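These protein sequence lines map, in sequence, to chains V and C. For the first sequence, the residue numbers in full-length UniProt numbering are 1 to 237. For the second sequence, the residue numbers in full-length UniProt numbering are 1 to 237.
Please keep in mind that the hints were generated in silico from the structure rather than gathered at the bench. Do not take every clue at face value.
Mimicking DSSO-like on lysine-lysine, the simulated pairs with C-alpha atoms at most 30 Å apart in a straight line are [said to hold, decoys possible]:
#1 V/194 to V/153
#2 V/69 to C/45
#3 C/69 to V/3
#4 C/68 to V/68
#5 V/169 to V/222
#6 V/153 to C/68
#7 V/137 to C/158
Derived list of chain C stretches under chain V, where covered just means 3 residues or more per stretch with a C-beta under 8 Å from a C-beta of chain V [what the hints assert, rightly or not]:
#8 109 to 122
#9 159 to 169
#10 181 to 194
#11 218 to 229
The model shown is predicted, which means the values in this text are computed figures rather than measured ones. We put the CB at the ideal spot given by N, CA and C, even for glycine.
There are 2 protein chains.
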Amino acid sequence: MRKAIVLVSGGMDSCVTAAIAKDMGYELYLLHTNYGQRTENRELKAFYDIASYYDAKDTLVVSIDYLKKIGGSALTDEKIEVEKGNLNRKEIPKTYVPFRNANILSIATSWAEVIEAERIFIGAVEEDSSGYPDCRKIFYDKFNDLLSVALAKDIGLKVETPLINMKKKDIVKKGVELNAPLHLSWSCYKSEDKACGECDSCLLRLKGFMEAGEIDPIPYEKFPEFYETYLIKRRGV
Amino acid sequence: MRKAIVLVSGGMDSCVTAAIAKDMGYELYLLHTNYGQRTENRELKAFYDIASYYDAKDTLVVSIDYLKKIGGSALTDEKIEVEKGNLNRKEIPKTYVPFRNANILSIATSWAEVIEAERIFIGAVEEDSSGYPDCRKIFYDKFNDLLSVALAKDIGLKVETPLINMKKKDIVKKGVELNAPLHLSWSCYKSEDKACGECDSCLLRLKGFMEAGEIDPIPYEKFPEFYETYLIKRRGV
Numbered sequence: 001m002r003k004a005i006v007l008v009s010g011g012m013d014s015c016v017t018a019a020i021a022k023d024m025g026y027e028l029y030l031l032h033t034n035y036g037q038r039t040e041n042r043e044l045k046a047f048y049d050i051a052s053y054y055d056a057k058d059t060l061v062v063s064i065d066y067l068k069k070i071g072g073s074a075l076t077d078e079k080i081e082v083e084k085g086n087l088n089r090k091e092i093p094k095t096y097v098p099f100r101n102a103n104i105l106s107i108a109t110s111w112a113e114v115i116e117a118e119r120i121f122i123g124a125v126e127e128d129s130s131g132y133p134d135c136r137k138i139f140y141d142k143f144n145d146l147l148s149v150a151l152a153k154d155i156g157l158k159v160e161t162p163l164i165n166m167k168k169k170d171i172v173k174k175g176v177e178l179n180a181p182l183h184l185s186w187s188c189y190k191s192e193d194k195a196c197g198e199c200d201s202c203l204l205r206l207k208g209f210m211e212a213g214e215i216d217p218i219p220y221e222k223f224p225e226f227y228e229t230y231l232i233k234r235r236g237v
Numbered sequence: 001m002r003k004a005i006v007l008v009s010g011g012m013d014s015c016v017t018a019a020i021a022k023d024m025g026y027e028l029y030l031l032h033t034n035y036g037q038r039t040e041n042r043e044l045k046a047f048y049d050i051a052s053y054y055d056a057k058d059t060l061v062v063s064i065d066y067l068k069k070i071g072g073s074a075l076t077d078e079k080i081e082v083e084k085g086n087l088n089r090k091e092i093p094k095t096y097v098p099f100r101n102a103n104i105l106s107i108a109t110s111w112a113e114v115i116e117a118e119r120i121f122i123g124a125v126e127e128d129s130s131g132y133p134d135c136r137k138i139f140y141d142k143f144n145d146l147l148s149v150a151l152a153k154d155i156g157l158k159v160e161t162p163l164i165n166m167k168k169k170d171i172v173k174k175g176v177e178l179n180a181p182l183h184l185s186w187s188c189y190k191s192e193d194k195a196c197g198e199c200d201s202c203l204l205r206l207k208g209f210m211e212a213g214e215i216d217p218i219p220y221e222k223f224p225e226f227y228e229t230y231l232i233k234r235r236g237v
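Please build the complete structure, drawing on both the sequences and the hints.
Structural data, given as structure tokens:
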């Protein structure tokens with residue numbers, strides 16, 4: 001059976017990415033990284049829930065908490081506050097962790113070489129990605145160029161980004177279509193019990209569910225106005 | 001002052017690389033990674049000795065022991081034996097750690113973005129590198145291509161590989177010329193007290209000193225025949 005490593009943060013995008021890899025017939029190896037982010041425990045729970053839902057062949061959890069030592073992001077540096085969500089912001093938000101995805105893909109590549117996997121799936125999304133430079137298609141194209149010269153064995157390894165051109169609403173639709181366990185996923189950057197409903201990640205997620213005409217199954221502390229309005233409208237129908 | 005991160009394993013090549021970066025006028029930030037390799041403690045000592053010799057502005061030591069979890073190399077997996085050195089071997093040796101240098105460069109890049117360094121120096125050597133795929137020039141070219149699209153800030157960051165086309169003897173000569181603290185460096189893959197004199201790394205190092213007409217200042221358990229002969233010849237002169 002062909003093997004694929006799927007990077008599963010525990011968020012909605014990675015949950016749907018796992019669903020896509022499974023649907024393509026791959027045997028799943030799930031990789032999760034902890035880097036001292038605020039919601040580390042909640043994300044880890046989501047990871048194991050998703051792994052068990054998909055009966056993953058193997059899981060690997062890696063601490064890359066050196067990113068916390070290095071600092072420079074609100075996700076890992078407690079001195080920098082997580083901004084309230086603003087979907088019209090133009091600059092790169094403070095939650096950006098420098099070069100994070102390259103760190104994670106490098107770990108995945110080391111693992112892929114040992115188990116001889118032929119694909120690494122990552123749920124990066126270019127349009128809805130808050131402008132993170134390591135979520136753009138060109139980044140993955142260049143990473144694949146690197147892979148083409150960097151491996152000891154010719155295992156045809158490539159990074160796949162099935163969501164890269166999707167909008168959040170398409171991801172929700174895809175997840176629903178493939179029966180992905182969205183209820184097990186966790187996207188909030190700020191809280192672990194109920195999602196905050198305020199950070200960029202919560203706003204993007206709820207906007208996605210709204211635009212897909214679906215209802216987000218996870219609990220929220222409070223909803224942003226647009227989603228509240230949507231719920232009222234739905235109930236009214 | 002322009003900042004450079006130098007990857008310092010503690011070996012001779014990284015020691016000379018630090019000397020070159022210093023000589024070019026950079027302020028030095030030294031990065032060392034532990035990955036559960038057999039000689040971890042000895043390498044770490046060499047790292048701090050070199051950092052203090054060069055009065056580094058900052059040091060960062062990062063554990064990437066997930067590479068041990070992933071396995072696949074004699075350097076990190078105790079079930080795989082370190083082969084006796086053989087400089088004529090054609091295949092990639094068992095000490096190859098899959099995609100290791102990309103993992104390390106990714107960490108360096110995260111750090112570089114935070115401190116706004118403009119260079120990352122790595123002492124990779126193509127010709128004398130035992131065939132590791134991530135020691136070839138093309139690997140670094142592709143990594144620089146990746147950097148050109150991957151950063152949030154345009155800090156002009158590039159990876160420099162000043163030794164890439166050198167032979168070990170040129171590295172020894174360069175080190176002697178720049179007064180690099182070769183006596184503080186450690187290259188052996190196998191031992192921590194005295195260098196074994198048998199592994200690939202010891203053989204390459206001693207061959208380099210011999211061909212440069214120099215004498216290696218670190219202690220050895222035993223010398224390979226070619227170096228023994230060279231010493232006798234030198235004494236005879």
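How the hints compare with the structure:
1. V/194 to V/153: 45 Å, violated
2. V/69 to C/45: Holds, at about 21 Å.
3. C/69 to V/3: Holds - the C-alpha atoms of residue 3 of chain V and residue 69 of chain C are around 19 Å apart, at most 30 Å.
4. C/68 to V/68: Holds - the C-alpha atoms of residue 68 of chain V and residue 68 of chain C are around 21 Å apart, at most 30 Å.
5. V/169 to V/222: 21 Å, holds
6. V/153 to C/68: 19 Å, holds
7. V/137 to C/158: It holds: about 21 Å lies between the C-alpha atoms, which stays within 30 Å.
8. 109 to 122: The restraint on the segment 109 to 122 of chain C holds, since 5 of its residues have a Cβ under 8 Å from chain V and three suffice.
9. 159 to 169: With 0 residues closer than 8 Å to chain V, the segment 159 to 169 of chain C misses the three-residue bar; violated.
10. 181 to 194: violated (count 0)
11. 218 to 229: This one is violated; 0 residues, fewer than the three required, reach chain V with a Cβ under 8 Å.
When the structure is compared with the earlier hints, violations turn up for hints 1, 9, 10, 11 and for no others.
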